[in-house]
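Participant: Below are the chains, spelled out letter by letter.
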Amino acid sequence: MKHTISVLVENKAGVLSRISGLFARRGFNIDSLAVGTTEDKNISRITLLVDGDDYIAEQVTKQLNKQIDVIKVRKLNQDEITRRELVLVKVKMSATQRGEIIDIVKIMQGEIVDISHTTLTVELSDRPEKVDLLIELLSHYNILEVARTGTIALQKGAESV
Amino acid sequence: MITGAEAIVRCLENEGVEIIFGYPGATIAPLFDKLSKSSIRHILVRHEQHAGHEASGYARIRKRPGVCMTTSGPGATNLITALATAYMDSVPLVAITGQVSSDLLGRDVFQEADMTGAAEPFTKYSYLVKDAEDLPRIIKEAFHIASTGRPGPVLIDIPVNVQQEKLDFIPAGPVDLRGYKPTIRGHAGQIKRVIRAINGAERPVVCAGGGIFAADAQEELKRFIETVNIPVISTMMGIGAVPTAHPLYMGMLGMHGKSVANQALSDSDLLIIIGARVSDRAVLLPANVSASTKIVHIDIDPAEIGKNLSTFVPVVGDAKEILTQIMEAEPAAKTDEWVGLLKAKREKLKLDYAPRKHGINPKAFVNMLSCMLPEDHIYCADVGQNQIWSAANCEVKTGRFLTSGGMGTMGYSIPAAIGAKLADPEKTVVAVCGDGSFQMQMMELATICQHDVDIKIVVMKNDKLGLVKEIQKKSYKNNEMAVDLTGSPNVVAIAGAYGIPGRSIASLDDAEEAIAEMLDHKGVYLLECIVDENEPSL
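Chains as they are written, first to last, in the numbering used here: chain A, -9 to 151; chain B, 9 to 546.
Incorrect hints may appear among the rest.
As the list claims (entries may be wrong) - So these bits of chain B aren't anywhere near chain A, every CB distance computed over 10 Å:
| hint | residue |
| --- | --- |
| 1 | Glu128 |
| 2 | Phe177 |
| 3 | His195 |
| 4 | Ser274 |
| 5 | Asp309 |
| 6 | Gly504 |
| 7 | Asp517 |
| 8 | Leu546 |
As the list claims (entries may be wrong) - Cut-off 25 Å, straight-line C-alpha distance, at most; resulting in silico cross-link-like pairs (DSS-like, lysine-lysine):
| hint | chain 1 | residue 1 | chain 2 | residue 2 |
| --- | --- | --- | --- | --- |
| 9 | B | Lys189 | A | Lys52 |
| 10 | B | Lys328 | B | Lys71 |
| 11 | A | Lys56 | B | Lys328 |
| 12 | B | Lys42 | B | Lys138 |
| 13 | B | Lys230 | B | Lys342 |
| 14 | B | Lys302 | B | Lys230 |
| 15 | A | Lys120 | A | Lys96 |
| 16 | A | Lys65 | A | Lys146 |
| 17 | A | Lys2 | B | Lys189 |
| 18 | B | Lys189 | A | Lys56 |
| 19 | A | Lys31 | B | Lys138 |
| 20 | B | Lys230 | B | Lys405 |
| 21 | B | Lys328 | B | Lys200 |
| 22 | A | Lys2 | B | Lys148 |
| 23 | B | Lys230 | A | Lys52 |
| 24 | A | Lys31 | A | Lys(-8) |
| 25 | B | Lys230 | B | Lys71 |
| 26 | B | Lys351 | B | Lys302 |
| 27 | B | Lys200 | A | Lys52 |
| 28 | A | Lys31 | B | Lys189 |
| 29 | A | Lys65 | A | Lys(-8) |
| 30 | B | Lys71 | A | Lys56 |
| 31 | B | Lys530 | B | Lys435 |
| 32 | B | Lys189 | B | Lys328 |
| 33 | A | Lys65 | B | Lys342 |
| 34 | B | Lys138 | A | Lys2 |
| 35 | B | Lys302 | B | Lys328 |
| 36 | B | Lys71 | B | Lys148 |
| 37 | A | Lys56 | B | Lys148 |
| 38 | B | Lys328 | A | Lys52 |
| 39 | B | Lys365 | B | Lys200 |
| 40 | B | Lys482 | B | Lys365 |
The hints are simulated quantities; they were obtained by calculation from the structure and are not laboratory data. From the three backbone atoms N, C-alpha and C, an ideal C-beta is built for every residue, glycine too.
The following block holds chain A by itself, in its conformation from the complex (with noise of 0.2 Å):
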């Protein structure tokens, strides 16, 4: 099961290798972690998402909030949330496919951000779900490198962790 966990940390030097020690150590399989600023500049936001039950999910949670760095824990509920994550996938392709990518690029609102005379680069934002979708589309090409971001995610509504 995956558990979507998101952290507010102390933006400090060594706090995320703390983080990410923790889960090697404690055996955590941890599928993304995303990490970034906040409106507050002193405040990191990392976003987990957590391979696992909910005794892992627990344990996940209680280290996370024994770290000193750690200012909050939420383990985010999957259908209260808005998930988002980016892709940037560099195709190469021959004339007669150029089409065909365009018209995938453009079922799955993605956007083609470079191309050359052999290759497009297309950009997607959106669920992590329809970037696999992407990628598997775009898999039946020849796919040449991947750039993934981890997924990041906000709670809907008014509310906020």
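We have chain A; now place chain B onto it with these hints.
Facilitator: Showing chain B alone in chain A's frame:
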């Protein structure tokens, strides 16, 4: 303007530091230079690991953070075992290490080691100081973090140039860490649930861990178990939480524990765990705790609750505070039958104190030793068979039983005893170790002599690494590999080389007189006890 080193010394004095256990070196030299002008006493150890253990023994008795200080690189990495030992047993330490100049960090220069990185899993928190102006705040925070909540070691890694840097000294304001606000008082709703669980219980048992000492809650615990009439068992770290001779004390639980303690655990309908981690040594198979046993877990560290056992009522907070809250609610349970049953079992426990054909019966010896010591003595047990013998047979009354419980670090007892003695010079302090562990700490005999530390040392000598030998006997078809200590020195002669008096005994008949001689001697003394190599732990 003063230097960073002067600022550090001033901050340590402000924190009330009396003693620092340390070992100098190039990158910590500015700090040692200024420390020489301070009222803080410096104890020169003979290996950095022991600086950490001595600070640990000091902290556990003095009830404030122990301070150790070493140079960068190997001086710092030698501390890591001591930090890990303190971390596992929740002992407050502040470790100060020198570091190479901050402009050289990351270039693998002489005696550079990434100490904050290396110690990260074993410290509650750590700092790499980049700016001397931050020193007052960092040192204040370090002492606060080490000593509050669940205590633990905090590392401050200070580059040599930061120690030399000039700054305007401004004392730090109150500590404000928005991510660190330990819960002290138990949640009122949870306390109510605890009371209901107690009132409805027929076979309750309290399991006391090291958290009782960390919270200084021995009196509250005693009042609670006596008022409600609840039997109590302890973990290794909890030995002495109630006097071992207390009629409600059923002994240490676990793989090396007393059968009646383990039975109390498995037959109980309510288990109240206070300040314990429920490690594998204590509860080998959590599944053995009956499914019908309700578990109340009281701990200051919420991450310990529910980690190894699923909990019926979790209560986060300080053991002293929570026991007081529980008592205010006047719990009552009908436990006479249950207590009577366990007491009868305890009476029937056979203590194997018979003399041996070869060597001394170590169980009888440690029992006799602990009974001959003053009531408030401090007993430091090492790791190995000697720890099991001591844990199972020592009488602890108003004193303390110090050992490396979680980490099981060999070579802990003598440095811990040194720290304990310096923390409370009025107390009689004894270190009991094996001949294996003695050789991991015998360099500290020099520290003892140099600083005139009056501790009593007992070495159980069987020329074997006895506990490993037992494992090999049981699980590896008696294939004894690397457990023979042939080549070891005569420990009484070693002590003699340091000018420390001592003697060796090989019969229980001589024990009483030898112990009396050791205790009557003013100053450090070493007593060797010859033990048969096939003497089992239990």
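Participant: For every hint, state whether the structure bears it out.
Facilitator: Each hint, compared with the structure:
A cut-off of 10 Å between C-beta atoms contradicts the statement that Glu128/B is not in contact with chain A; the least separation is 6 Å. Distance to chain A confirms Phe177/B as a non-interface residue, since its nearest Cβ pair spans about 23 Å, more than 10 Å. Distance check for His195/B against chain A: the nearest CB is about 16 Å away, which clears 10 Å, and the non-interface claim stands. Its beta-carbon lying about 23 Å from the closest one in chain A, Ser274/B satisfies the requirement of being farther than 10 Å from that chain.
Under the 10 Å C-beta cut-off, the non-interface status given to Asp309/B relative to chain A is violated; the minimum distance is some 7 Å. With a closest Cβ-Cβ approach of about 46 Å to chain A, Gly504/B is found to remain outside the 10 Å limit, as its non-interface label requires. The claim that Asp517/B is not at the interface with chain A holds, since no C-beta of that chain comes within 10 Å of its own (minimum 52 Å). Distance to chain A confirms Leu546/B as a non-interface residue, since its nearest Cβ pair spans about 32 Å, more than 10 Å.
Only pairs whose Cα atoms come within 25 Å are accepted, and Lys189/B paired with Lys52/A is accepted, the gap being roughly 14 Å. With a C-alpha separation of about 15 Å, the suggested pairing of Lys328/B with Lys71/B holds against the 25 Å cut-off. Under the criterion of a C-alpha separation no larger than 25 Å, the hint pairing Lys56/A with Lys328/B is consistent with the structure, at around 21 Å. Simply put, Lys42/B and Lys138/B have alpha-carbon atoms about 20 Å apart, close enough for the 25 Å limit, and the pair holds.
Taking the CA atoms of Lys230/B and Lys342/B, the gap is about 18 Å. The hint holds against a cut of 25 Å. Of the supplied pair hints, the one linking Lys302/B and Lys230/B holds, its CA atoms being roughly 22 Å apart against a limit of 25 Å. At roughly 13 Å between alpha-carbon atoms, Lys120/A and Lys96/A fall within 25 Å of each other, so this suggested pair holds. Proposed proximity of Lys65/A and Lys146/A is supported: the alpha carbons are some 14 Å apart, at most 25 Å.
A C-alpha spacing of about 19 Å is found between Lys2/A and Lys189/B, which places the hinted pair at or below 25 Å, so the restraint holds. Of the supplied pair hints, the one linking Lys189/B and Lys56/A holds, its CA atoms being roughly 10 Å apart against a limit of 25 Å. The straight-line distance between the Cα atoms of Lys31/A and Lys138/B is roughly 20 Å, inside the 25 Å bound, and the hint therefore holds. The hinted pair formed by Lys230/B and Lys405/B meets the criterion: a straight-line CA distance of about 12 Å does not exceed 25 Å.
In summary, the hint linking Lys328/B to Lys200/B is supported, as the alpha carbons are separated by about 17 Å, within the 25 Å threshold. For the hint linking Lys2/A to Lys148/B, the alpha-carbon distance of about 19 Å falls within 25 Å, and the restraint holds. Note on Lys230/B and Lys52/A: the hinted pairing is violated, with a Cα-Cα distance of about 31 Å set against a maximum of 25 Å. Taken as a hint, the Lys31/A and Lys(-8)/A pair is broken in the structure, with Cα atoms around 29 Å apart against an allowance of 25 Å.
For the suggested pair Lys230/B and Lys71/B, the alpha carbons sit about 20 Å apart, so the restraint of at most 25 Å is met. Of the pairs offered as hints, the one joining Lys351/B and Lys302/B holds, with about 22 Å between alpha carbons and a cut-off of 25 Å not exceeded. Under the criterion of a C-alpha separation no larger than 25 Å, the hint pairing Lys200/B with Lys52/A is consistent with the structure, at around 24 Å. A C-alpha spacing of about 22 Å is found between Lys31/A and Lys189/B, which places the hinted pair at or below 25 Å, so the restraint holds.
Restraint check: the Cα-Cα separation between Lys65/A and Lys(-8)/A comes to about 11 Å, which is no more than 25 Å; the hinted pair holds. Under the criterion of a C-alpha separation no larger than 25 Å, the hint pairing Lys71/B with Lys56/A is consistent with the structure, at around 22 Å. Taking the CA atoms of Lys530/B and Lys435/B, the gap is near 13 Å; set against the 25 Å cutoff, the hint holds. Straight-line distance between C-alpha atoms of Lys189/B and Lys328/B comes to about 18 Å, which keeps the hinted pair within the 25 Å bound.
The hinted pair formed by Lys65/A and Lys342/B fails the criterion: a straight-line CA distance of about 42 Å is larger than 25 Å. A threshold of 25 Å between alpha carbons decides the hint, and for Lys138/B with Lys2/A the separation of about 12 Å falls inside it, so the pair holds. Between the alpha carbons of Lys302/B and Lys328/B the distance comes to roughly 22 Å, so the proposed pair stays at or under 25 Å and holds. A hinted pair counts as satisfied when its Cα atoms are at most 25 Å apart, and Lys71/B with Lys148/B qualifies at roughly 17 Å.
A hinted pair counts as satisfied when its Cα atoms are at most 25 Å apart, and Lys56/A with Lys148/B qualifies at roughly 20 Å. At most 25 Å may separate the alpha-carbon atoms for a hinted pair to count; Lys328/B and Lys52/A meet this at roughly 23 Å. Taking the CA atoms of Lys365/B and Lys200/B, the gap is near 57 Å; set against the 25 Å cutoff, the hint is violated. Distance restraint check for Lys482/B and Lys365/B: the Cα-Cα separation of roughly 23 Å lies within the 25 Å cut-off, and the hinted pair is therefore satisfied.
Checked against the numbered hints given earlier, this structure breaks hints 1, 5, 23, 24, 33 and 39; the rest are met.
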